[in-house]
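Enquirer: Letter by letter, the chains look like this.
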Amino acid sequence: MTVTVAQLKRGQKGIIKEFADDILPIKLLELGCLPGNEIELVQVAPLNDPIYINVNGSHIAIRRETALLIELDVFEDKVVV
Amino acid sequence: MSKQINVALIGNPNTGKTSVFNQLTGLNQKVGNYPGITVEKKEGICKLARGVKAHILDLPGTYSLNTTSLDESVAVELLLNKNDKDHPDVAIVISDVENLKRNLLLFTQIKDLKIPVILVINMADRMSRKGISIDITLLEEKLDTKIALVSTRKGTGIDRLKELIADYKNLSTAPNVDTTVIAPEYFDKLRTTFPKQDLYKLWLVITQDVNFMPIEKKLIKDTSSFATKSSSELKRLQQKETILRYQFINGILKETYKVDLTAAKGFRATLDKILTHKVFGYLIFFIILLTIFQAIYDWSSYPMDFIDELFASASEWVKNTLPPGMFTDLLAEGILAGIGGIVIFIPQIAFLFLFISLLEESGYMSRVVFLMDRIMRPFGLSGKSVVPLISGTACAIPAIMATRTIESWKERLITILVTPFTTCSARLPIYLIIIALIIPEGRILGLGYQALTLMMLYLIGFGAAILSAMVLNKVLNIKSRTFFVIEMPNYKLPMLKNVAYTVWEKTKSFVLGAGKIILAISIILWFLGSNGYSEEFNDAEAIVTERVQSEGFSNFNQSAIADDLRSYTKALNDSVSSGVYDISALAINDSLEQKKATLSETALQQEISSYKLENSYIGKLGKGIEPIVKPLGYDWKIGIAVLTSFAAREVFVGTLATIYSVGSDQEETIKHRMAAEVNPETQRPLFNLASGISLLLFYAFAMQCMSTLAIVKRETNSWKWPVSQLVFMSVFAYLIALIAYQILK
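So the sequence lines, in the order shown, correspond to chains A and B. Mapping to my numbering: the first sequence position 22 is 22, numbers consecutive. Mapping to my numbering: the second sequence position 477 is 477, numbers consecutive.
Please keep in mind that the hints were generated in silico from the structure rather than gathered at the bench. Keep in mind the model is a prediction, meaning the values are calculated, not measured. Ideal placement from N, C-alpha and C gives every residue a C-beta, glycine not left out. Treat each hint with caution, since some may be false.
Label-pair ranges, simulated between beta-carbon atoms [unchecked claim]:
{"hint": "1", "chain 1": "A", "residue 1": "E65", "chain 2": "B", "residue 2": "I628", "range": "36 to 42 Å"}
{"hint": "2", "chain 1": "B", "residue 1": "N28", "chain 2": "A", "residue 2": "G57", "range": "34 to 40 Å"}
{"hint": "3", "chain 1": "A", "residue 1": "F19", "chain 2": "B", "residue 2": "S231", "range": "15 to 21 Å"}
{"hint": "4", "chain 1": "B", "residue 1": "I523", "chain 2": "A", "residue 2": "G57", "range": "54 to 60 Å"}
{"hint": "5", "chain 1": "B", "residue 1": "K189", "chain 2": "A", "residue 2": "G57", "range": "33 to 39 Å"}
{"hint": "6", "chain 1": "B", "residue 1": "I136", "chain 2": "A", "residue 2": "G57", "range": "43 to 49 Å"}
To be clear about the criterion: a stretch of chain B counts as covered by chain A if any three or more of its residues have a C-beta under 8 Å from a C-beta of chain A, and this derived list gives those stretches [to be verified]:
{"hint": "7", "segment": "55 to 68"}
{"hint": "8", "segment": "98 to 112"}
{"hint": "9", "segment": "230 to 242"}
{"hint": "10", "segment": "372 to 383"}
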């Protein structure tokens, strides 16, 4: 099963996998969503959407539909309480 | 040489760009719009050493030169178009200390356009706290530029920046990154087709509309000849370019930028946890809303009352001081009243923008958007629509101005179109007086019927806003490709200077922008109300005087005079019996006669002005529209009030006061007068449950506010939206009021 940003738990981190061309809006790339960069899930909004991530030092919130597009290698399973 | 240096400030949102702008220009700034679009244009003058001046332009915040919104395309257009009068001699990229990497993406793009560029690293005061150290000299060398380390909070580094601006001719214009490596063959082809053009500039022009609507390609006439790549191929290349640039930047930062991750990080995380918590988050937001609501609704009533009185007495003064005549009337009743109608909104607008800019500066606003986005989405709105909708309960004008933060044009437009449904404070006087007339005072479960009715009206307003948003979301076919992403900036203590500038600017732009239109319509209304073509109008004084002599005053005035006299007599007798006055019965009688004469004179004047109004242009108009308003249960007098209150809802009560010749705006008197009004056909009170509910619903839905129309015109830059808003809301209000009256009567 592929893991995407949408499946991360709070405090969990992952590394962005190579993704298919022009899947993500250019704006996300500019904000640092590039293959090889680390993503941390900081917060999830009360209704489970949007989600708040820290990628490459940028703190941004995106909607779940966008998060589903970003595939990850999860390397840290530690959940920060 | 007297030529000014053209400077463009450019940078990501939330980097303190505006603070730098304020530091450079002080109050020498002006805010306008770019021609033809509603993107805000901020410019100012900065004095440099040796009498040189710099013209500073604050470009809209952008993350890169790959445009995805109107704001960004403004920035790119300006950088690309050498013929634009504002084309910068030097660009200043403003970055904050923490997000340097991301900001350098934009920096390298501008550098590659061969425009001289200075890098400002702002918020230098946070470096040690965040455990960041930067080797500035090495970074300058690697980026081939000059860097100013600035702290706008402490005011340091601005002098160095000014020196760098003055010295801009010595900046290197060599590019940082060779973009052609992402697709060598493609760029070769471009080079041979357009040998005279700069390749990177060409590339930016070609890719402008890949993510956004087409912008004018002023630089190159024939774009079809290099449409050898499909838009998805171009998009892919853009992504490659971004990756390439980040490789370059990462390489440089590895050597020059050190961050100690163990340094304080906890503050932000803790605050985030509380402010976006599923219970406390909403609770805190609710409390903040209450405070804002309270401020706009309650605190601002003091300055508003003051302004109201000030203008009333100014108009009184003009009337008493200047020789009577057309010009004096125009000045006192048209122009001064018109200006007063604009100025009275200033406290509410100032308060609202005070809070909004505090919330934005502190970083809290992003958290609200985060909390509310999912809830608003089914209605075609975004998390960013929350603030305008809430502020609409005070006044739709500042609320519509506050929609500027919404990037998606469709979501923004829907927000603008539905905001006037929320119950603004101008509806309140009408609601209060009509509810008091038609709703009994009883209670149910400890809640008054009247209070419940008022609450229902607020709910109806919100309901109408949400429902019409849903409908508009289905109906409007606007391609809006902006997808939702919002930066969650670090929490900061707001800088008072920035807050003050924002409040000043927004207030000023309201007064000057919407003010002109309000003033014009006020003057027209005044003219129509105080002029007439008929003999009745011209001879009003004689006709009314004669009528009063033969038939006496109207019933209402008769009983009002009697009441006044009774209480006056009582007061006099009380004073005499308690020994305050010692006067003879004859003197008392004289005094009473005098009082009666004064009261009669006032009553006469009131009846004359009432008669005049009835026969003025607007009175004729009222009679003319009577057939239209009759099915709603209104007579021609209410019809006139509905017409004049097109200018602003609060005019309704004032107009009725003039027509019923009560002459004072005191609510009680008008209420009594209205209660006594009888429908000549049904012989029942004119203001009964049916016509009252019909009026309440009419005002709940109708777009009776030209200030709002003016601001919608300004914000959407077209008459199409305010006009359709006006037509739709008026027709809707009419139909609902009609149905309500016909069912209830």
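Enquirer: Hint by hint, say whether it matches the structure.
Expert: Verification of the hints:
The beta-carbon spacing between E65/A and I628/B, approximately 49 Å, falls outside the hinted interval of 36 to 42 Å. The beta-carbon spacing between N28/B and G57/A, approximately 35 Å, falls within the hinted interval of 34 to 40 Å. Hint check: F19/A to S231/B, Cβ distance near 19 Å, so the stated range 15 to 21 Å holds. One distance hint, 54 to 60 Å for the beta-carbon pair I523/B and G57/A, holds here, with the actual separation near 57 Å.
A hinted range of 33 to 39 Å for the beta carbons of K189/B and G57/A is consistent with their spacing of about 37 Å. Between I136/B and G57/A the Cβ separation comes to about 19 Å, which falls outside the hinted range of 43 to 49 Å. Closer than 8 Å: that is the beta-carbon criterion, and the segment 55 to 68 of chain B has 4 residues meeting it against chain A, so the requirement of 3 holds. Only when three residues or more bring their CB closer than 8 Å to a CB of chain A does the claim for the segment 98 to 112 of chain B stand; here the count is 5, and the claim holds.
As drawn, the segment 230 to 242 of chain B meets chain A at 6 residues by the rule of a beta-carbon pair under 8 Å; at three or more, the given contact holds. Restraint check on the segment 372 to 383 of chain B versus chain A: 4 residues with Cβ-Cβ distances below 8 Å, three needed, restraint holds.
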